[in-house]
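Note that the protein sequences, when read in sequence, are chains A and B.
Here the first sequence is numbered in UniProt numbering, starting from 1 and rising by one per residue.
Here the second sequence is numbered in UniProt numbering, starting from 1 and rising by one per residue.
Just so you know, not all the hints are guaranteed correct.
Copies of one chain are not kept apart here, so a pair can be met inside one copy or by any two copies together.
Straight-line C-alpha distance at most 25 Å; calculated DSS-like pairs for lysine-lysine [unchecked claim]:
hint, residue 1, residue 2
1, K9, K168
2, K297, K133
3, K305, K106
4, K106, K9
5, K33, K57
6, K106, K33
7, K305, K133
8, K57, K205
9, K9, K57
By construction, these hints were calculated from the structure, which means they are not laboratory data.
Given the structure is predicted, the values throughout are model-derived calculations rather than measurements.
Protein chains: 2
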Amino acid sequence: MTTLVFGHKSPDTDSLGSAIIWAWYLNDVKGQKAEAVLLGEPNTEAAFVLKRWDLTKPSIISEVSADTPVVIVDTNNPAELPDNINDADIQAIIDHHKLVGGIETKGPINITIRPLACTATIMHNLMGPNAEKMPDWVKGVMLSCILSDTLEFRSPTTTDQDKALAEKLAGELGLDISEYASEMFAAKSDVSAFSDAELIRMDSKEYAVDGTKFRVSVLETTAPAIVLDRKASLLNSCGDVAKEDGVDHVLLFVVDILNEEATLLIPNETVKSVAEKSFGATVEGDSVVLPGIMSRKKQIIPNLKV
Amino acid sequence: MTTLVFGHKSPDTDSLGSAIIWAWYLNDVKGQKAEAVLLGEPNTEAAFVLKRWDLTKPSIISEVSADTPVVIVDTNNPAELPDNINDADIQAIIDHHKLVGGIETKGPINITIRPLACTATIMHNLMGPNAEKMPDWVKGVMLSCILSDTLEFRSPTTTDQDKALAEKLAGELGLDISEYASEMFAAKSDVSAFSDAELIRMDSKEYAVDGTKFRVSVLETTAPAIVLDRKASLLNSCGDVAKEDGVDHVLLFVVDILNEEATLLIPNETVKSVAEKSFGATVEGDSVVLPGIMSRKKQIIPNLKV
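Construct the entire structure; sequences and hints are all you get.
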């Protein structure tokens, strides 16, 4: 039976890329039958990476049938996976997020979670000397994952390991990191085709703080003006999306990759108070700039206060 | 702040031993402050191992205060840990059991779960070349963990890695594996001091199958007669313990290490039916011998049917 390898819903570069990398490893190194699949349309940056390395877009699946062997990458959160994930035959989990609980396996399996910036870096470690067998396209995908998740080493989640590996891979590929990262970020910033609701849901996770449910959305961009020009209609959509998705509030952070700051939209008084309590900000008007804030995982979620 | 390293409640050799091994590693190799502690009295085999390697019994704790840095070994099950475990600052989990869900970490941490027989074997892998720094007493504890969890390589959970590591360690220590394992198993078999209820709860895990709650207890012994001579009163205690602990039934497996078989006590018709459906056994009387059954993890739990 073919093992399905997939990351979270709303796939970004690391989620798509690390599924592709691990499927390559299982197929070409371990001699197993494996296939990378997606749980939704990849974002514009991930789509660029596919094209850049001449890869076919993996199939998109909406559920897994019971007892299908699967490897879960870049998440351990059942909310970001098919509803019936615990019925699948989960063979391994490789991830770099906090353990949220909820996944249950049928027996002891391989689970590797590490506090690194990027799932692909963990995979490189797991491969050991076999990593030398990676063809250029796998190296290219791995490099893309690291540059995406570290925002070219700007994110505070970046570790020495992620950076050293990216530099090694870029050297072997003869790629200039800054140039390549700029191309990736330009692709990620090209969001004109998306509706407000799509933008809000594109890179978004739900978190509850003291019983209040938030949809915490992040838009990483090198061209924040393109997004912020739509601020008025985005502010309106925050309320609509919150209602539709059954959360109390949407927190939309527009992360300016190059200036290393985030603009948080303030659709209502509660979000205003959250911004002030969580980030020590003084809010005037319908948005607030938060200098240095780039990482949901490391800077936003751990500080959220209602 | 000192990091507390501990395994599950009702500590056996691997749970105690791997906590001691990892505390040594954090202290002497990683230069951190760490201390192995226990969540209950060690069983008689684990107590023998402490004495054999001239080690002081770690302190027994009943709760961890909020934000205490902790490393959890040999379990990922909140039911086997202090009630407030999720308030602690969980820094790492090293385990070889199925993921049950329920532990939640504050951020991304190191989690390593592997389908190996023994937590200590996983630790040896994680140490890499640093494993060469292990003094004899750490090697002795590691060897003890492997022999205990594999029942001297008899358990079907045994992997080539566990076996090869145990043989390497025994060679370096100049120990005869069979002789040493016999001493350990004799210590584990010396259960005369325990009440029936203590015997039932000594190495026991709760599992639910289709809504029916079981306490699945295993007594590994080289002298099954000592236990089975008390069968009548043990059968009575099964019902009492089930009531006291809020489960529907106790399944007590007396595992005969040397003959590689288990005797399951049959206190009532439901357990009789479970034995027949789960193990294809024909039950007559108040116990049944199950040839080849030695591992709760690999042979009992996955087959339980009501």
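Taking the hints in turn, this is what the structure says about them:
1. K9 x K168: Neither: 30 Å inside a chain and 45 Å across chains, both beyond 25 Å.
2. K297 x K133: neither (32 Å within a copy, 36 Å between copies)
3. K305 x K106: Cα proximity of K305 and K106: across copies only (14 Å, versus 37 Å in one copy).
4. K106 x K9: both (23 Å within a copy, 22 Å between copies)
5. K33 x K57: Answer is within; shortest intra-copy Cα gap is 18 Å, inter-copy 49 Å.
6. K106 x K33: Within one copy only: 21 Å inside a chain, 36 Å across chains, cut-off 25 Å.
7. K305 x K133: neither (47 Å within a copy, 45 Å between copies)
8. K57 x K205: Answer is within: at 24 Å inside a copy they meet the 25 Å cutoff, but 45 Å across does not.
9. K9 x K57: Within one copy only: 15 Å inside a chain, 48 Å across chains, cut-off 25 Å.
Hints 1, 2, 7 from the list above are not met by this structure, while the remaining hints are.
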